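> Below, each chain spelled out in residue letters.
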Amino acid sequence: MKHFTHIADLGVPGVQSVLDQALHWKRYAPGAHLAGKLLGMVFFNPSLRTRASFEAAMLRGGGNALVLDVGNGVWKLEDRTGAIMDGDRPEHIKEAIPVLGRYADALAVRTFGALLDDDADAADPVLNAFRALAGVPVISMESAREHPCQGLADMLTLRENFEDTHRLPVTLTWAPHIKPLPKAVPHSFLLSAAAAGCEVRVTHPPGFELHPGVLAEAQDYARESGGSVTVTHDRKAALAGSRAVYAKAWGPDTHQVSAADAPARIAAHEDWLVDAAVLAAAQDPVFLHCLPVRRNVEVADAVLDGKASRVIDEAENRFHVQRVLLHRLLNPDA
Amino acid sequence: MKHFTHIADLGVPGVQSVLDQALHWKRYAPGAHLAGKLLGMVFFNPSLRTRASFEAAMLRGGGNALVLDVGNGVWKLEDRTGAIMDGDRPEHIKEAIPVLGRYADALAVRTFGALLDDDADAADPVLNAFRALAGVPVISMESAREHPCQGLADMLTLRENFEDTHRLPVTLTWAPHIKPLPKAVPHSFLLSAAAAGCEVRVTHPPGFELHPGVLAEAQDYARESGGSVTVTHDRKAALAGSRAVYAKAWGPDTHQVSAADAPARIAAHEDWLVDAAVLAAAQDPVFLHCLPVRRNVEVADAVLDGKASRVIDEAENRFHVQRVLLHRLLNPDA
Amino acid sequence: MKHFTHIADLGVPGVQSVLDQALHWKRYAPGAHLAGKLLGMVFFNPSLRTRASFEAAMLRGGGNALVLDVGNGVWKLEDRTGAIMDGDRPEHIKEAIPVLGRYADALAVRTFGALLDDDADAADPVLNAFRALAGVPVISMESAREHPCQGLADMLTLRENFEDTHRLPVTLTWAPHIKPLPKAVPHSFLLSAAAAGCEVRVTHPPGFELHPGVLAEAQDYARESGGSVTVTHDRKAALAGSRAVYAKAWGPDTHQVSAADAPARIAAHEDWLVDAAVLAAAQDPVFLHCLPVRRNVEVADAVLDGKASRVIDEAENRFHVQRVLLHRLLNPDA
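Residue numbers (this note's numbering), protein chains in the order written: chain A, 74 to 407; chain B, 74 to 407; chain C, 74 to 407.
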């Protein structure tokens with residue numbers, strides 16, 4: 074594995090192997106396995122867990138991290154090929170990426186999509202420029218298409234609660250929000266759960282379809298892992314028998330709904346709020362959410378503060394999976 | 074001591090003990106006493122000394138620190154219980170605090186008060202949420218009620234200049250400003266000086282009373298330490314015989330003066346500027362201020378640049394007291 | 074060498090010596106030569122390479138760095154002597170600098186000029202306040218007058234490509250931009266190249282003269298090193314025989330052109346874009362630029378993406394020269 078930016082970099086056996094090692098290292102910490110290593114962290118978008126958990130993983134492993142906020146103390150970056158750069162972005166990623174690759178042993182990048190064209194976002198242009206130009210391993214801290222470290226942390230949480238995720242019924246349910254959000258997190262839960270062999274049910278209102286390329290990829294993983302993927306607009310049907318409920322807001326399918334119409338389409342589904350009744354429709358489930366979560370807009374207080382919630386464990390597990398991934402990228406011969 | 078967020082966490086003997094150790098370690102540095110420890114630093118407000126001195130204390134002790142600026146690269150945080158989170162704050166402290174507590178060995182937090190209700194500020198809701206939810210030790214980098222590391226650094230500076238602070242006459246004088254400032258720093262000087270046995274004189278214009286709960290707490294410490302606390306509007310009387318002059322701007326008592334009237338009430342007392350004549354009314358005093366200071370608004374150039382000023386030593390002493398406190402919180406069995 | 078803020082702190086033999094050591098350490102890394110050392114980095118202006126390369130130099134040497142962004146999480150700083158501080162800058166550098174000097178073993182500072190008066194900028198008031206007040210070694214991360222670490226990185230790049238820089242013909246050519254930029258980078262290339270013995274040709278449109286004090290200093294270095302410095306408005310003549318082309322945008326000479334007229338004066342010279350024809354007018358040259366570069370405004374894509382470009386190596390070399398300079402400042406007896 075040269076880079077880790079998509080679940081495809083691991084594949085089904087790789088997902089299994091990372092989770093096994095993360096569970097082991099959560100019990101028996103690995104010591105200074107990253108000594109002398111320097112991670113360059115490049116943020117095009119805000120963060121809390123991602124920033125803290127990546128930096129903690131490097132520091133606790135005996136390494137170090139540089140944190141760079143694009144446009145905030147650091148020059149804004151242009152990414153369009155051939156641009157006449159006479160606007161507010163004084164530096165191009167064609168320079169910035171290889172330069173940072175000269176200072177650091179690996180680069181971590183967060184770069185959200187523009188949310189105007191699902192196909193453009195799924196093609197992940199900025200993330201792929203990092204892969205092409207960094208000269209060192211690249212790890213995703215969420216890009217337009219996926220947030221793969223989140224997906225693996227989700228699976229680690231399921232493994233901790235259910236030991237075996239093979240044929241485990243889990244529901245990813247759409248949730249309301251005040252604005253369209255990226256699809257990277259639902260994509261990654263879907264891909265990771267399919268790779269982990271879960272019986273994945275995706276449920277959302279009409280017009281909020283996930284990207285067809287990601288759905289097809291998840292079907293491939295399910296075939297290989299012995300899991301399954303189904304999609305339905307009938308939330309109740311999806312929840313029946315589910316042992317885990319994963320709530321997440323995301324924006325409409327851009328093939329069906331224009332950016333101008335998106336807010337109204339989202340607002341029409343306020344009743345998709347995930348509350349205690351939703352959990353009751355599943356089978357003694359655990360509750361997951363990647364955070365940040367808008368309380369009482371996406372998810373009710375009673376769910377987040379209730380006994381089913383595993384959201385804090387899930388956030389902690391970001392640290393544990395990332396420690397394994399950073400180890401594999403930075404010590405390829407270990 | 075599980076947390077250190079208020080002078081009450083130390084009490085009179087604890088204040089003495091921290092100062093003794095800080096003086097000792099200022100001469101004989103403790104080496105890598107924080108090796109393997111990671112401090113999560115959460116700023117809701119700006120900083121210079123606090124950020125640099127806490128980070129320096131962790132790094133020089135062989136540990137590490139994560140610095141997170143809320144709302145600046147990090148999601149803005151909601152703190153109201155039961156809020157419907159449809160505004161500009163996408164994450165709640167109910168999630169953010171315990172998550173950060175999973176990544177770090179201790180959390181440091183800076184959270185100023187809203188300055189609208191002195192009682193609400195003295196109750197310190199955000200700081201107390203950190204204590205309740207972090208799952209790891211919490212240390213204050215200034216909250217609505219107190220700035221206790223500043224108070225201890227102030228006392229360390231007095232100890233260096235006068236050896237013994239028992240019955241030392243010291244004056245805390247109000248100073249003008251362009252706007253209402255929090256009362257945390259004057260509260261902490263008052264509490265720390267009372268705990269250190271000083272003869273504390275507080276002087277300010279009418280309507281600028283400190284919080285009655287803090288005053289009562291300071292009286293309790295003075296009784297235990299053999300010190301005293303008096304409050305007067307007569308600055309000249311307060312200064313007579315004082316060996317230290319501590320200047321600080323703070324806003325009006327919200328029980329007496331509305332937020333709308335506060336600027337005019339402050340502007341009416343421009344003559345409280347601390348200049349050479351003020352120092353001359355004391356008895357060969359040292360001059361203290363927590364910094365930042367607005368030159369020629371709060372304090373005249375002649376005072377800050379004069380031989381009585383100890384403000385740089387005082388800032389350095391932040392490092393020395395914090396190193397001791399971090400040691401006690403992070404190595405409870407040492 | 075107590076501080077390193079200007080090429081004058083090294084002089085001609087010092088420039089040679091730093092480059093020799095940087096070349097050696099680029100091949101044989103020095104290990105934990107900065108163990109236990111803490112660098113305080115103070116930014117009044119944005120950065121990418123400078124921030125990352127200085128922090129990397131400290132961390133890879135076993136030391137640590139504090140990064141402080143003035144006005145961004147850190148109080149804004151006043152620098153005017155005698156100011157009545159009733160504006161938006163709550164802290165004076167008279168306090169901030171010595172305080173930071175108490176926490177760190179050295180201070181690095183970036184402080185651009187105001188671009189209103191070339192003589193005021195060449196006098197470097199903020200940088201010189203750091204030298205006077207820090208109490209610890211100061212290193213420049215670019216100030217109003219010079220960007221000396223950039224100049225040394227430029228020379229290291231020439232040394233790598235040509236082995237010997239003595240009498241090497243190099244052209245510094247002005248380039249267009251969307252606004253006036255500081256002269257620190259062209260000043261530092263000029264001074265460094267003169268000290269390294271190059272045959273330096275400076276070319277720019279009329280009205281864009283570099284500072285006469287810097288030109289005179291460069292002539293002095295050229296006399297000592299055996300190099301030369303010439304200035305011409307005839308770019309073609311400058312380029313003839315040049316083995317290196319250094320492109321850089323800078324603002325007009327403030328003695329000749331007012332700030333109001335500057336944008337129009339710059340816009341009148343769009344034809345100074347550095348494109349493939351410019352390189353073809355030199356003699357199989359390498360191409361240098363300090364970055365960030367506005368593609369197709371300053372320099373054409375074909376140049377930056379072409380085989381002559383050394384801009385990524387040049388940026389990497391920032392790390393190598395800074396590592397040597399930090400070593401000399403922080404280990405003066407080594």
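Keep in mind that the hints are not guaranteed to be accurate.
Same chains, same names: a pair is fine if it fits in one copy or spans any two.
Cut-off 25 Å, straight-line C-alpha distance, at most; resulting in silico cross-link-like pairs (SDA-like, lysine to any residue) [as the list claims (entries may be wrong)]: (1) Lys309 - Gly84; (2) Lys380 - Gly155; (3) Lys99 - Gly208; (4) Lys252 - Thr154; (5) Lys252 - Ala156; (6) Lys252 - Met158; (7) Lys149 - Asp386; (8) Lys149 - Asp82; (9) Lys309 - Trp98; (10) Lys380 - Asp326; (11) Lys380 - Glu236; (12) Lys99 - Gly135; (13) Lys75 - Ala335; (14) Lys99 - Gly109; (15) Lys149 - Val370; (16) Lys149 - Phe117; (17) Lys380 - Pro336; (18) Lys99 - Met74; (19) Lys380 - Ala341; (20) Lys252 - Leu346; (21) Lys380 - Ile157; (22) Lys380 - Arg240; (23) Lys252 - Gly160; (24) Lys75 - Ala196; (25) Lys380 - Ala195; (26) Lys380 - Phe235.
If you are wondering where the hints come from, they were derived from the structure by calculation, not from laboratory data.
These numbers were taken from a predicted model, which means no experiment stands behind them.
> Check the structure against each numbered hint from earlier and tell me which ones fail, lowest number first.
1, 8, 9, 10, 13, 17, 19, 25
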